[in-house]
Structures are given as structure tokens and as C-alpha cells.
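*Asks:* Based on the hints, put chain U in the right spot on chain Y.
Single-letter residue listing:
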Amino acid sequence: MHSETESLALREQFDTAAQQRDASTLGMWIFLITEVMFFGGMFLAYSIYREKFPEVFAVASTSLNVYIGAANTVVLLCSSFTMVMAVRASQLGQRGNIVFWLILTLILGFTFLGVKAYEWNEKFELHHIPGMANFHLNGVGPSMQGPASIFFSLYFAMTGLHAMHMIVGVGILSWLIYETKKGKFTAEYMTPVDISGLYWHFVDIVWIFLFPLLYLIDRHLK
Amino acid sequence: MQEHTGTNEHIDSVATYALVFLALIAATILTTAVAFVDLGPFSVVVALAIAICKMLLVVLFFMHVRHSTKLTKLVLAGGVLWFLILIGMTYTDFGSRTWMGVPGR
Chain Y
1 MHSETESLAL REQFDTAAQQ RDASTLGMWI FLITEVMFFG GMFLAYSIYR
51 EKFPEVFAVA STSLNVYIGA ANTVVLLCSS FTMVMAVRAS QLGQRGNIVF
101 WLILTLILGF TFLGVKAYEW NEKFELHHIP GMANFHLNGV GPSMQGPASI
151 FFSLYFAMTG LHAMHMIVGV GILSWLIYET KKGKFTAEYM TPVDISGLYW
201 HFVDIVWIFL FPLLYLIDRH LK
Chain U
1001 MQEHTGTNEH IDSVATYALV FLALIAATIL TTAVAFVDLG PFSVVVALAI
1051 AICKMLLVVL FFMHVRHSTK LTKLVLAGGV LWFLILIGMT YTDFGSRTWM
1101 GVPGR
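Chains as they are written, first to last, in the numbering used here: chain Y, 1 to 222; chain U, 1001 to 1105.
No lab work stands behind these hints: they were computed from the structure. Since the model is a prediction, treat every value here as computed from it, not as a measurement. Don't take each hint at face value.
Unchecked claim - Straight-line alpha carbon distances no greater than 25 Å define the calculated DMTMM-like cross-link-like pairs of lysine to aspartate or glutamate that follow:
| no. | chain 1 | residue 1 | chain 2 | residue 2 |
| --- | --- | --- | --- | --- |
| 1 | Y | LYS184 | Y | ASP194 |
| 2 | Y | LYS52 | U | ASP1012 |
| 3 | U | LYS1070 | Y | GLU51 |
| 4 | U | LYS1070 | Y | ASP22 |
| 5 | Y | LYS184 | Y | ASP15 |
| 6 | Y | LYS116 | Y | GLU35 |
| 7 | U | LYS1070 | U | ASP1012 |
| 8 | U | LYS1073 | Y | GLU35 |
| 9 | U | LYS1073 | Y | GLU51 |
| 10 | U | LYS1070 | Y | GLU12 |
| 11 | U | LYS1073 | Y | ASP15 |
| 12 | Y | LYS123 | Y | ASP22 |
| 13 | Y | LYS52 | U | ASP1038 |
| 14 | U | LYS1073 | Y | ASP22 |
What the hints assert, rightly or not - Pairwise CB distance ranges (calculated):
| no. | chain 1 | residue 1 | chain 2 | residue 2 | range |
| --- | --- | --- | --- | --- | --- |
| 15 | U | PRO1041 | Y | LYS182 | 51 to 57 Å |
| 16 | Y | ASP15 | U | ALA1049 | 21 to 27 Å |
| 17 | U | MET1089 | Y | PHE100 | 42 to 48 Å |
| 18 | U | VAL1037 | Y | PHE31 | 37 to 43 Å |
| 19 | Y | HIS127 | U | LYS1073 | 46 to 52 Å |
| 20 | U | PRO1041 | Y | ILE103 | 18 to 24 Å |
In this text, a Cβ means the ideal position worked out from N, Cα and C, and glycines have one as well.
Chain Y on its own, in the form it takes in the complex (with noise of 0.2 Å):
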């Protein structure tokens, strides 16, 4: 057991543990540049689309439930906060905070998909489902129900893609609680822990900007 964190602390390519490190964390921030750029092609046929369409993408926007989207940031925010004090105690080797951190960052991960998964549903109630026979917006001309459905499309793409992430990351948590309790991070060797916590932080800022994108930018015009 102990010479296999050893060898897992320092790989033969590397000088260094600090050298082994900072590639690890250079290697997983071009990941998410990518995930930047993927993202970013949405954000911007959104914005097009919303400067194109101006008045349905306000309508469209106002239909959703702005205290639902906060609740949901904050949420989201209190995992990025339990998720660093996960890192902060794999730093400092106290396996049974990571644990205890970890576990709190899964619970949190959970009710924000599950909040979401209540705001979806009441798309389906609505009649907000682009492409479904029935999709209907209430206070859209029947010429721009097709625009309308541009902006759903849009929202469930981006927040589904979003979900998706989160999704990947809960799977994540739960292989880093497993592999805590098992023993394999110390405070010499907690890149795993490190990285996912990247990436956790990631996702994060992709909601950041989904909240005022899709539910606040065009509210005061109700």
C-alpha cells in the first residue's frame, strides 16, 4: 500500500512531485479551454439568435422562474465552496474531511439536478418542448411560435448540456469518495482530487453565466 502511493506521487518522467503537479493541472486546464470553446459557440448562437428575435427571446426568457434560477446559483455556488474544501483538505491529508466534504459537494450536485430536472418538467406542462405539435408561448404572434421555439431549443441545449457536465461530475465525486475512504490521497499525492475540483469549478462558471444569459438579462422588460 505504501509503496504504491509512493510511486503514484512521483512518476518515473517527472524531476519532481511539484513538476509531476503543475503538468497535471497545465494538462487539465487546456481541457477546459475546449470546454470553453464548446460552450462558447452556444453562448454566442444565443446571443445572435436573441439579437435577431429580440422581443420573443423576452417574452420567451420572462416565462422562466427567476427565484428557481437563484436558488440554483446559490446551490451551485455552496457545492464550488464545499468543493475546495475538499482540495483544501486532501492539501493537508485529512482523509475523513475530504470524505465529509466530498459528500456534501455530491448532496448539493444531486439538488441542483434536481431542481432542474423540476424546472424541465414544467417546460412539458407548458407546452415549452420545441419541436412537440403542441408547443405554444403565450404572448407570441403565431408567426414567431417558430423563433420562440429557437429560444427552448437553445435553453435546452445549453442547460442540458450543462446537466450533462454535472451529471459526469457527480459520477466524479463519488469515485473520489471511494477512493478516499480507500486510502489512495495523501496530502503528497491528491492530484485526482485536485483536477476534478478544476473541473467542478468549471461547470460552475458555465452556470454563472447561463443564469443572467437566460433568466435575468431581459426581466426588467416585464
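*Replies:* Quick look at chain U alone, frame taken from chain Y:
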């Protein structure tokens, strides 16, 4: 530039993280409240400015970029630059399409 010495360099205090967390919650409440105020076209500007501040707090503190190596910071700056090219070039295209009459359209 600080040299890497031990394995446990740069451990931020719980107080630092708690303060950043409280600032993030405050910014969320602020951005929600200000959304109901009619600022005209500046609604988008204010919402994005607050979102960018929140992002910077998360990136610099929670993602430890303020303690990162120069190489990581450089790669990040490059990523931001490329993202701005994506946005800038697309907007110049969509923004200028109506400037000239295109035959056949």
C-alpha cells in the same frame, strides 16, 4: 516567482474561501435584484460585468490560478484570446451582412 519547495505550498485559509463564497452569494443576490431595474441596454452590460467578477473570483481563488505557474496563466490568457476571436469574428460577420446589397439575395 516563488519556488516550489514542499508538497503543501499555497494552502489558502478557510477564512479566505469563506469570504470569496460570501462575495459570490452577495453578487448573485445583487444581479438578481438589479435585473428588475430598467437599465435599458445596460441590463446586459451589468449582468455580464457581475458574471465576469464572479468568474474571476472562482478562477483566481477556488481554482488557485493566483498561485498557478506562469505557463498555466499564459495558456489561460491564450484561451481567452481565442474565445474573443470566436465572438469578435462572428459578430463582425453578422453585424456587417446588411451593409452591402448582395446580388441574388
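*Asks:* Hints the structure violates: just list their numbers, smallest first.
*Replies:* 2, 3, 9, 12, 16 and 20
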